[in-house]
Amino acid sequence: MTQVIKVSKQGINVGTATNPNDFIFDSQYNTFKILNQGTYSPTLGTVGVETKTSVAHGQSTTPFVFAFCKFADGLVGIPGDFADTVNFRFTNLSTDGTNINFYYINLTGSNYSPIFRYYICEPPL
Amino acid sequence: MSQKVIVSKVGVDSGTVTNPDDMVFSSDYNTLKYDISGTSALTWGTSDVEFTVRGTVTHGLGYYPFFTANYNYPLISTTSWYPMPYSVSDGFVYGYYFVYAGTNNLIFTVTRSSAGVPGTINFAYKIFKNNLGI
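Heads up: the sequence lines are chains A and B, in that order.
Note that the first sequence covers residues 5 to 129 in the numbering used here.
Note that the second sequence covers residues 328 to 461 in the numbering used here.
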């Protein structure tokens, strides 16, 4: 018999529960592991078309990545969000074998300095 | 030697495994810690043009958390939920559905060139304990 480790939610009988949503942890299911995380703070010049700025992820395969952008107005957005008070757009996010690519359009008329937070996760793509 | 907990996949020796993809769990790696889930909605008048409406949901964590959100537009479907954000524009007709995190709130905004019918967008959000640290 395969041995398993399970931690159920409070009030749930770990010995009889079968719904994965009733478990905090179940060794039969992989967990989403954060292999690395970092911040990236470029200064981005004015550009009216979608442009990318990149940071190396250092993984041997193309990783699954989450990313967030702290806009200068103090709010944090996700890929596709526009800054709330100025015309800076965090338009998209991609990963390849080498880099995490942050796509943006800067229509503020001056340099813009967002702070990107990224999470490199397992399993890979 | 630091102590650690590793649960490997079936057939993999947890005592020698080094590839995180062969592990179900490893205390060497942080995980997402799901904390708060909920729904919210924004509404607007059917005659509104070129407008933005905003709504907030309090999370009270005191820092920028890891978050995600989906939206549902009942005019398109009462049952389908789509990942946020969303934006569409052809110059004259546009719609933007954005979500942001503050240190104590999630903020939802809807910007549209025209109202449409009905004037409601539903949101479903997940907030994790993980502090973005920015």
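Derived by calculation from the structure, the hints in this document are not laboratory data.
Please note that a few of the clues may not be correct.
[Said to hold, decoys possible] Computed list of lysine-lysine pairs in DSBU-like fashion (alpha-carbon distance at most 35 Å, straight line):
#	chain 1	residue 1	chain 2	residue 2
1	B	K336	B	K360
2	B	K453	A	K10
3	B	K331	A	K56
Assess, step by step, whether the Cα of K331 of chain B is no farther than 35 Å from the Cα of K56 of chain A, and give holds or violated.
violated (39 Å)
Against the 35 Å threshold, does the CA-CA distance of K453 of chain B and K10 of chain A hold or violate the hint?
Distance of about 23 Å is within 35 Å: holds.
Restraint status (C-alpha distance of K336 of chain B to K360 of chain B at most 35 Å)
holds (21 Å)
The structure shown violates just one earlier hint, number 3.
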